[in-house]
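Since the structure of chain A is provided, determine the placement of chain B on it from the hints.
Each chain, written out:
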Amino acid sequence: MDEWKYKPAGDQGLEPTASFRSLKREVGLIASMTQAAWRVAVRAYLRGYHRLRVEGVEHIPLKPPFVMIANHSSHLDVLTLGAALPWRLRRSAFPIAAGDVFFETPAVSAFSAMMLNALPMWRKRCGSHAMQELRDRLIGDPAIYLLFPEGSRSRDGAMGRFKPGLGMMIAGAPVPVVPCWIDGAFHAFRPESKLPRPMPIRLRIGPPLVFADVANERAGWQDIAARLEAAVAALRAPQQP
Amino acid sequence: MIFGMHPVTFWIAVSIAAVLGITPLIFLLLEKAGKLPPALRMDVWTRYQSWLVLAPLMVVPLIAGRLPAILAVGVLAGLCYREFARATGLFRHHLVSATVGLGGLLITFAIADHWYGFFMALSSLTTSAIVIFSLFADEPKGYIQRVALGIFAFVMFGLCLGHFSYFANDRLGPAIQLSILVCVSLNDIFAYCTGKAFGRRKLSPNTSPNKTIGGALGAAVLTTALFATLGHFVFRGTALDSPIHLITLGLLLSLTGQWGDLVMSSIKRDLGIKDMAATIPGHGGLLDRFDSLIFVGPSLFHYIGYFLGVGLDQPARVFTGH
Numbered sequence: 044m045d046e047w048k049y050k051p052a053g054d055q056g057l058e059p060t061a062s063f064r065s066l067k068r069e070v071g072l073i074a075s076m077t078q079a080a081w082r083v084a085v086r087a088y089l090r091g092y093h094r095l096r097v098e099g100v101e102h103i104p105l106k107p108p109f110v111m112i113a114n115h116s117s118h119l120d121v122l123t124l125g126a127a128l129p130w131r132l133r134r135s136a137f138p139i140a141a142g143d144v145f146f147e148t149p150a151v152s153a154f155s156a157m158m159l160n161a162l163p164m165w166r167k168r169c170g171s172h173a174m175q176e177l178r179d180r181l182i183g184d185p186a187i188y189l190l191f192p193e194g195s196r197s198r199d200g201a202m203g204r205f206k207p208g209l210g211m212m213i214a215g216a217p218v219p220v221v222p223c224w225i226d227g228a229f230h231a232f233r234p235e236s237k238l239p240r241p242m243p244i245r246l247r248i249g250p251p252l253v254f255a256d257v258a259n260e261r262a263g264w265q266d267i268a269a270r271l272e273a274a275v276a277a278l279r280a281p282q283q284p
Numbered sequence: 016m017i018f019g020m021h022p023v024t025f026w027i028a029v030s031i032a033a034v035l036g037i038t039p040l041i042f043l044l045l046e047k048a049g050k051l052p053p054a055l056r057m058d059v060w061t062r063y064q065s066w067l068v069l070a071p072l073m074v075v076p077l078i079a080g081r082l083p084a085i086l087a088v089g090v091l092a093g094l095c096y097r098e099f100a101r102a103t104g105l106f107r108h109h110l111v112s113a114t115v116g117l118g119g120l121l122i123t124f125a126i127a128d129h130w131y132g133f134f135m136a137l138s139s140l141t142t143s144a145i146v147i148f149s150l151f152a153d154e155p156k157g158y159i160q161r162v163a164l165g166i167f168a169f170v171m172f173g174l175c176l177g178h179f180s181y182f183a184n185d186r187l188g189p190a191i192q193l194s195i196l197v198c199v200s201l202n203d204i205f206a207y208c209t210g211k212a213f214g215r216r217k218l219s220p221n222t223s224p225n226k227t228i229g230g231a232l233g234a235a236v237l238t239t240a241l242f243a244t245l246g247h248f249v250f251r252g253t254a255l256d257s258p259i260h261l262i263t264l265g266l267l268l269s270l271t272g273q274w275g276d277l278v279m280s281s282i283k284r285d286l287g288i289k290d291m292a293a294t295i296p297g298h299g300g301l302l303d304r305f306d307s308l309i310f311v312g313p314s315l316f317h318y319i320g321y322f323l324g325v326g327l328d329q330p331a332r333v334f335t336g337h
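Chains as they are written, first to last, in the working numbering: chain A, 44 to 284; chain B, 16 to 337.
Just so you know, these hints were derived from the structure itself, not from any lab. Since this is a predicted model, take the numbers as computed values, not measurements. Keep in mind that the hints are not guaranteed to be accurate.
Computed footprint of chain A on chain B; a stretch qualifies when at least three of its residues, placed anywhere within it, have a C-beta under 8 Å from a C-beta of chain A [to be verified]: (1) 88-101; (2) 105-112; (3) 151-165.
Listed next, with one range per pair, are the computed distances between beta-carbon atoms [stated by the list, open to error]: (4) B/A32 <-> A/G91: 52 to 62 Å; (5) A/A269 <-> B/D285: 46 to 56 Å; (6) A/T60 <-> B/V278: 22 to 32 Å; (7) A/G215 <-> B/S138: 45 to 55 Å; (8) A/D184 <-> B/A32: 46 to 56 Å; (9) B/N225 <-> A/Q265: 49 to 59 Å; (10) A/A255 <-> B/N225: 49 to 59 Å; (11) A/A269 <-> B/V278: 56 to 66 Å; (12) B/F167 <-> A/R90: 40 to 50 Å.
Positions of the beta carbon are idealized from the N, C-alpha and C atoms, including for glycine.
Bound-form chain A, shown alone:
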């Protein structure tokens, strides 16, 4: 028989809002049901309203840990990446969301946690401690992170420079990073728009990259950021047959 390995939830003993904001938050039956319902609704919405098309699903690794990254120009981006994941991986997937937007108030935090299963990244005070915590969880859980290395939504639709922070999570670890390109989300739901418009969205998924041999230090992180930026940009123009 196994040793008794059960341990309390990572966010055990935290008050509700603190628990929603915790990087150690774990999902129980109720949140897993609300997230499943949200997922079904979002997929139906993206397919129906935005005629979402996904190319390259075969590049998604079969099991966690891995990271999906993409260009970022719309709130629809994270929904699109999540919708591309197969159903059986849904419970491992965590969008990494800006703390100052998605975890500002208790109500919004509850939505981000109970529906999106998002984990917060605090852009202004994101210390190496938080990055290490995210890295530990990605590998230890193991988990799937959905994130946007530009750090914030593009205001003009053009892709910005990738920040090296992502490197801190994956440098020197055998964690595949799946580059994706999202087309159309910017026009469908611009940062300044109030409501999304029924424009088509297309998601192109590229072959994963692994950075197990890259040193986990500043130069390595910058190298990773540059290579991933190139990989995502390369998906922008589809290869002609």
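Frame of chain A, contents of chain B only:
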């Protein structure tokens, strides 16, 4: 009857309201007299505010009628399960949680229906279901642990709290339930106070180092006296209105109450955590508050049931009857 309530129900509700009304005045007087250090001040006010919310949430459904009482205890049991599952790690196994949850819903339905046969049947049916449904994950590693935790939880929050809930089907239900709640809460306080005054020998140093034999005995004496007094008014004119029965009931309540407390201490110590959750500010989790209620239900229910029956003169199978 006072305002349609049993006199005991009425006077307990009034007393709780009075205590909640007077407490802030006492705090203010103590503050004025400089007898409340600032560190303690925040703590007592947080605790008081929590009681101000918690007490009406407990008392109002119990006196509001049969269904509100049963639903409220059902919600309480669900929240207690959530805390237990998150603290023990059982929550990671959704299949077990779903089965325990289903069992809890059916128990609540059986009680609301006043269908004693189904209520009793659910103990074997749900425990079997937990054992069987856990197979469907096809994950033999940790099977025994999952099943054991699931049954443990269902017995405590489904069956035991269910017995407390079932009193709502009796004519004397609200009076019995409120008397139990008051005595269980005071049981803790009696143990604390008499333990401070007379306690020297530790009761169970490894499980709960602050508890003393003096405190346990003191609580047993005081709680038995209190419950016997309340019980005399609740059971007036019935077979239970005799000193021997009332003292037995009081002793059962005090002992099962203290044991419930120790059970939760044991669980927390095993897990290495201080509180089961942070649901109620100043108190910790709901389970830290209601731990002593869990085992009182079945012991009093079956004692009263043996001599008087519970809800026998009330309509049974309210929803499923024909």
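Range hint compliance [Cβ, A/T60 to B/V278, 22 to 32 Å]: Given about 30 Å between the Cβ atoms, the range holds.
Outcome for the supplied range 56 to 66 Å, where the beta carbon pair is A/A269 and B/V278: Cβ of A/A269 to Cβ of B/V278: about 58 Å, so the range 56 to 66 Å holds.
Outcome for the supplied range 46 to 56 Å, where the beta carbon pair is A/A269 and B/D285: holds, 51 Å
Satisfaction of the hinted span 45 to 55 Å by the C-beta atoms belonging to A/G215 and B/S138: holds, 54 Å
Range agreement (Cβ of B/A32 with Cβ of A/D184, hint 46 to 56 Å): Holds, since A/D184 and B/A32 (Cβ atoms, about 49 Å apart) stay within the stated range.
Cβ distance range 49 to 59 Å for A/A255 and B/N225, holds or violated: Once the Cβ atoms are compared, 52 Å apart, the range 49 to 59 Å for B/N225 and A/A255 holds.
Beta-carbon spacing of B/N225 to A/Q265 - inside the hinted bounds 49 to 59 Å or not: At 56 Å between Cβs, range holds.
Stated coverage of the region 105-112 of chain B by chain A [criterion: 3+ residues, CB within 8 Å]: holds (count 5)
Supplied distance hint 52 to 62 Å, evaluated on CB atoms of B/A32 and A/G91: holds, 55 Å
Check of the region 88-101 of chain B against chain A for coverage (Cβ-Cβ below 8 Å, three residues minimum): Answer holds; 3 residues pass the 8 Å Cβ test.
Coverage criterion applied to the region 151-165 of chain B (partner chain A; beta-carbon cut 8 Å; 3 residues): holds (count 5)
Cβ separation of B/F167 and A/R90, checked against the hinted range 40 to 50 Å: holds, 44 Å
When each numbered hint is compared with the structure, no violation occurs for any of them.
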